[in-house]
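*Asks:* Take a look at the letters that make up each chain.
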Amino acid sequence: MFQFLTKLVPRSAIFVLMVLTLAAVVAFAAVSHLVARFNANQQSRGHRLYAQGMADLNAGAADRAIEEFRAALTCDRANPQYQLSLGRALRDTGRLDEAESYLESLWQRTPEDGTINLALARVAARGGSVDDAIRYYHNAMYGVWSTDPEANRRDARLELVEFLLRKGARAQAQSELVALAAFLPPDPTLHLRAGDLLAQAQDYPDALAEYERVLRLDHGNSTALTGAGEAASHAGRYGTAERYLQLAVNAKPQDATLRYLLSSANLILETDPFVRRISDAERNRRIAAAFAKAGERLSSCAKQRGVDLSGAANRSVSSSLSPSPTPPALAALESRWLATRRDLPRLRSAGETDLPEVIMDLVFQIEQQTAEDCGEPQGADQALLLISRDRETADR
Amino acid sequence: MSNLQAGPFSNGKPAPSRFRFRPQRMFAAVEGVFDEDRFFLILSVFIGIFSALAVVCFRLAIDWTHLALLGPLPQAHTWRLFVVPSLAGLVVAALVLHVFPGIRGSGVNQTKAALYIYNGFIPFRTGIGKFLCAALAIGAGHSLGPEDPSLQIGASLASALGRQLQLSREKLRLMAPVGAAAGLAAAFNAPISAVLFVIEEVIGRWSAGILGSVVLSAVASVVVERWFMGVEPLFRIPVTTFQRPSELIAYAVLGIAGGVAAVIFANGIGFLRPRLKALPRWTQYFQPALAGLLIGLIGYFGAPQVMGAGYDFMDQAMHGQFVWQMFAALAALKILATTLSFVSGTPGGMFAPTLFIGAMLGGAVGGVERIFFPHLSASSGTYVLVGMGVLFAGFLRAPMTSVFMVLEVSGNYEIIVPVIVANTFAYVVSRSLQPTPIFDLLTRQDGLVLPSLEEEREEAILRVEDAMLPLPPIILSAADYVDAAARRIEDSTETTFPVRLQPSGWSAVTRELILRRLKEGKGEHTLGSLISPEPLPYLFPDLPLESALRFVQSNPMVPVVNRANPQKLEGIISSQSVFAKYGAKTGQG
Numbered sequence: 012m013f014q015f016l017t018k019l020v021p022r023s024a025i026f027v028l029m030v031l032t033l034a035a036v037v038a039f040a041a042v043s044h045l046v047a048r049f050n051a052n053q054q055s056r057g058h059r060l061y062a063q064g065m066a067d068l069n070a071g072a073a074d075r076a077i078e079e080f081r082a083a084l085t086c087d088r089a090n091p092q093y094q095l096s097l098g099r100a101l102r103d104t105g106r107l108d109e110a111e112s113y114l115e116s117l118w119q120r121t122p123e124d125g126t127i128n129l130a131l132a133r134v135a136a137r138g139g140s141v142d143d144a145i146r147y148y149h150n151a152m153y154g155v156w157s158t159d160p161e162a163n164r165r166d167a168r169l170e171l172v173e174f175l176l177r178k179g180a181r182a183q184a185q186s187e188l189v190a191l192a193a194f195l196p197p198d199p200t201l202h203l204r205a206g207d208l209l210a211q212a213q214d215y216p217d218a219l220a221e222y223e224r225v226l227r228l229d230h231g232n233s234t235a236l237t238g239a240g241e242a243a244s245h246a247g248r249y250g251t252a253e254r255y256l257q258l259a260v261n262a263k264p265q266d267a268t269l270r271y272l273l274s275s276a277n278l279i280l281e282t283d284p285f286v287r288r289i290s291d292a293e294r295n296r297r298i299a300a301a302f303a304k305a306g307e308r309l310s311s312c313a314k315q316r317g318v319d320l321s322g323a324a325n326r327s328v329s330s331s332l333s334p335s336p337t338p339p340a341l342a343a344l345e346s347r348w349l350a351t352r353r354d355l356p357r358l359r360s361a362g363e364t365d366l367p368e369v370i371m372d373l374v375f376q377i378e379q380q381t382a383e384d385c386g387e388p389q390g391a392d393q394a395l396l397l398i399s400r401d402r403e404t405a406d407r
Numbered sequence: 025m026s027n028l029q030a031g032p033f034s035n036g037k038p039a040p041s042r043f044r045f046r047p048q049r050m051f052a053a054v055e056g057v058f059d060e061d062r063f064f065l066i067l068s069v070f071i072g073i074f075s076a077l078a079v080v081c082f083r084l085a086i087d088w089t090h091l092a093l094l095g096p097l098p099q100a101h102t103w104r105l106f107v108v109p110s111l112a113g114l115v116v117a118a119l120v121l122h123v124f125p126g127i128r129g130s131g132v133n134q135t136k137a138a139l140y141i142y143n144g145f146i147p148f149r150t151g152i153g154k155f156l157c158a159a160l161a162i163g164a165g166h167s168l169g170p171e172d173p174s175l176q177i178g179a180s181l182a183s184a185l186g187r188q189l190q191l192s193r194e195k196l197r198l199m200a201p202v203g204a205a206a207g208l209a210a211a212f213n214a215p216i217s218a219v220l221f222v223i224e225e226v227i228g229r230w231s232a233g234i235l236g237s238v239v240l241s242a243v244a245s246v247v248v249e250r251w252f253m254g255v256e257p258l259f260r261i262p263v264t265t266f267q268r269p270s271e272l273i274a275y276a277v278l279g280i281a282g283g284v285a286a287v288i289f290a291n292g293i294g295f296l297r298p299r300l301k302a303l304p305r306w307t308q309y310f311q312p313a314l315a316g317l318l319i320g321l322i323g324y325f326g327a328p329q330v331m332g333a334g335y336d337f338m339d340q341a342m343h344g345q346f347v348w349q350m351f352a353a354l355a356a357l358k359i360l361a362t363t364l365s366f367v368s369g370t371p372g373g374m375f376a377p378t379l380f381i382g383a384m385l386g387g388a389v390g391g392v393e394r395i396f397f398p399h400l401s402a403s404s405g406t407y408v409l410v411g412m413g414v415l416f417a418g419f420l421r422a423p424m425t426s427v428f429m430v431l432e433v434s435g436n437y438e439i440i441v442p443v444i445v446a447n448t449f450a451y452v453v454s455r456s457l458q459p460t461p462i463f464d465l466l467t468r469q470d471g472l473v474l475p476s477l478e479e480e481r482e483e484a485i486l487r488v489e490d491a492m493l494p495l496p497p498i499i500l501s502a503a504d505y506v507d508a509a510a511r512r513i514e515d516s517t518e519t520t521f522p523v524r525l526q527p528s529g530w531s532a533v534t535r536e537l538i539l540r541r542l543k544e545g546k547g548e549h550t551l552g553s554l555i556s557p558e559p560l561p562y563l564f565p566d567l568p569l570e571s572a573l574r575f576v577q578s579n580p581m582v583p584v585v586n587r588a589n590p591q592k593l594e595g596i597i598s599s600q601s602v603f604a605k606y607g608a609k610t611g612q613g
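These protein sequence lines are chains W and P, in that order. Going by the numbering used here, the first residue of the first sequence is number 12, and it counts up by one from there. Going by the numbering used here, the first residue of the second sequence is number 25, and it counts up by one from there.
Relax, there's no trap hidden among the hints.
A partial selection of chain W residues facing chain P, derived with a Cβ cut-off under 7 Å:
#1 A24
#2 L31
#3 A35
#4 A38
#5 V42
#6 V46
#7 F49
#8 R81
#9 A82
#10 T85
#11 A89
#12 D108
#13 E109
#14 S112
#15 S116
Hint data in this document are derived by calculation from the structure and do not stem from the laboratory. Note that the structure is predicted; figures quoted are calculated from it, not measured. Glycine included, every Cβ here is placed at the ideal spot set by N, Cα and C.
Given only the sequences and the hints, what does the whole structure look like? Please build it.
*Replies:* Structure (structure tokens):
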């Protein structure tokens, strides 16, 4: 092979080394050409297999797609796109460990890559590793994206919120959503999704704000109207709720749920003695009506539970003589209700500033206790119960 | 080749039968600047480059053959799985029998034989034949690996270059291991393991003289190989952890299992190979084909993973794609498939199959252990990785290479302790059950006896202190008077006495000389005037006993002195004590 060397060598090591260097350069060039051609062939074969794999994946044949991605990787082992697709396909078929290892090896090369972090987050989410999932979602949110980074980061955060909500981590989900909502572009679809997620996270005031942003951008959006109505109801803002629900019912008159929500809001607004802009007489009337309704509810619940309230009436009359040491809750409420009934006529007196509160406190206690003992009420009782809960929330 | 003349660095010793040495010194003009040693070092870099280029082409050839014959990822139940290796076996057998004799097997022993028997001569045709036939066989699915052939390709290339440059016989002999290290380093993408393996298995002894050249060629080779093939490791390494020392027990169990599997594997080859070789010559046309057919059937009926080198499947194993039953089945089937391929005389290596079997065995043992001890923290991939080293230590019996190979391949030093523990157990178990390592066994089956580092390592070395006689009761001084010395030795039965020279050194004087000088009336002379002023050579207790052989024949006694104070005598040795010790060791004493 190197016969020519001995023929040419003029007894000089330098010359020999020069010839060897030249031979190395020539061989290097030849092998480079060979490798380049081989790699080009391999790449084209890899592309074909990859495209076939993607087609199979889209057609739902994930197992076949996995084999094709694997075959593509034998053509181009380091190709991140093939690895990512294989990792995703493995994840989708539930082979989480293997998917993770493929994605991990990609991640080790480019830990800042948003796509890889998102894929790893999904693997971790499917595997139930909450901490890992949150870490990778955050990496994806702050990572590098080759195309449309803003939208990708936003989608990653939305996905994280959905994951947190599935895991019952409402507080974390709320904080992520608040951060997200602050930087959302004026796109009704995005605000609507944010509103829905805030509502799922039970952050109704912020949800209402998001729905209202949607309505400012898209006035007739029925979904936003419904959402706003529901959010306002849950937030205890029944006036606002009634307004949005009325618009929603107008848009979708056949929707029974909406009609029910609207009627509930109306009932609450008609029942609540603490709403603004009503006269004293109206307020007193509502208090008296609520009181009477609470008495009826108490009696029916006691009957349902088999509690005899007649003794309570007697105890109330002679309460100063022999008070019962530990009366049952319903009986005690009945006693208080009977005692308060005597004070009801004083509502009209201008000097009784605390009496409305005292009466309504009792009404609310009765509604809550009966709801606990006899189940959720309907109609005006339900309205009173909701008002009581809203007031409790507001007090807290 | 016959027209070659004496080389520039001919050492004047008789030339090997194939060469005639040229009397001129080719590099006389630059002697001193490029003496042979320096030139050899530079040449090592070129050997690394050329070997790597050859190995890159070899790998491309394997990949191309595989793609062309079997497709990118063969699936079970495809007819090609058994037809292709069978036909490839027929072609390979014809080439081996008619065109490239001497390329059977892995190539490690042939390279070693070139170093120790053929003065570094490996026919270039062997390299070409190895390239073509191994690429065809491995690409067609025979259960063999590309590393050992790469080693031989590198060695044959280096040998050819050395011959063309007419190096001295000493250097020419070393070209083969230098090329072997380059070839293996390029194939494995692991220079340290390649260097260690060549020292452990090819050179067979630690030799500082060649280490520099071997390292240079291996590093140059890996640099070139990475230039073309990228810096990606052979496998995607899983996250490996070692948390509790108590888990070492689990790795020790893996080591024991690996040792037993290595013995089964080695015995299978050791048993079948001579028997198949002894069959009539015509059968050798069909042995590789039959092996290919059987391996293909294994693939056809559900285990195509055992075909070829199997690196992709080792990679999958590291990432938990198989359950332990599958791991165990693949380990057993790969032992069978590799045994069939190897004993049929198909050219190809055992490195990759060994790694494959070890990986699968590691996965199986790890899987079973995790069933019984679910608290074990190591992942399945960790056991697979450790298992690769285990079989390397147990089967190839290269314990140091096995440890460094796992570390180089994984790039993770956290698992060094598990690897060492498991490999040690595998090595000890394998050595206990099968005293002769596989490469030595194959060499002996071929009728050759080559040095073995394992035997050297296990051999108890005799030292000077082992043959040392106790301190003589009388030690004379050069300043002593003859009559005083005569009085001191009067009651002694010794015939020779050590004499401490002034200011330093040791000599000896015989009773007969002292008495004769006394009789001559020289009683008032000092001993120093009677004896030779040249001091005796002396030895240290820790030196190998071989080093005493040079001195004991020409001196009545050789003092053994303290290294910290050469004036302090530790004992003496004589020819009788040395030979008595050797006799006792060989049972002839």
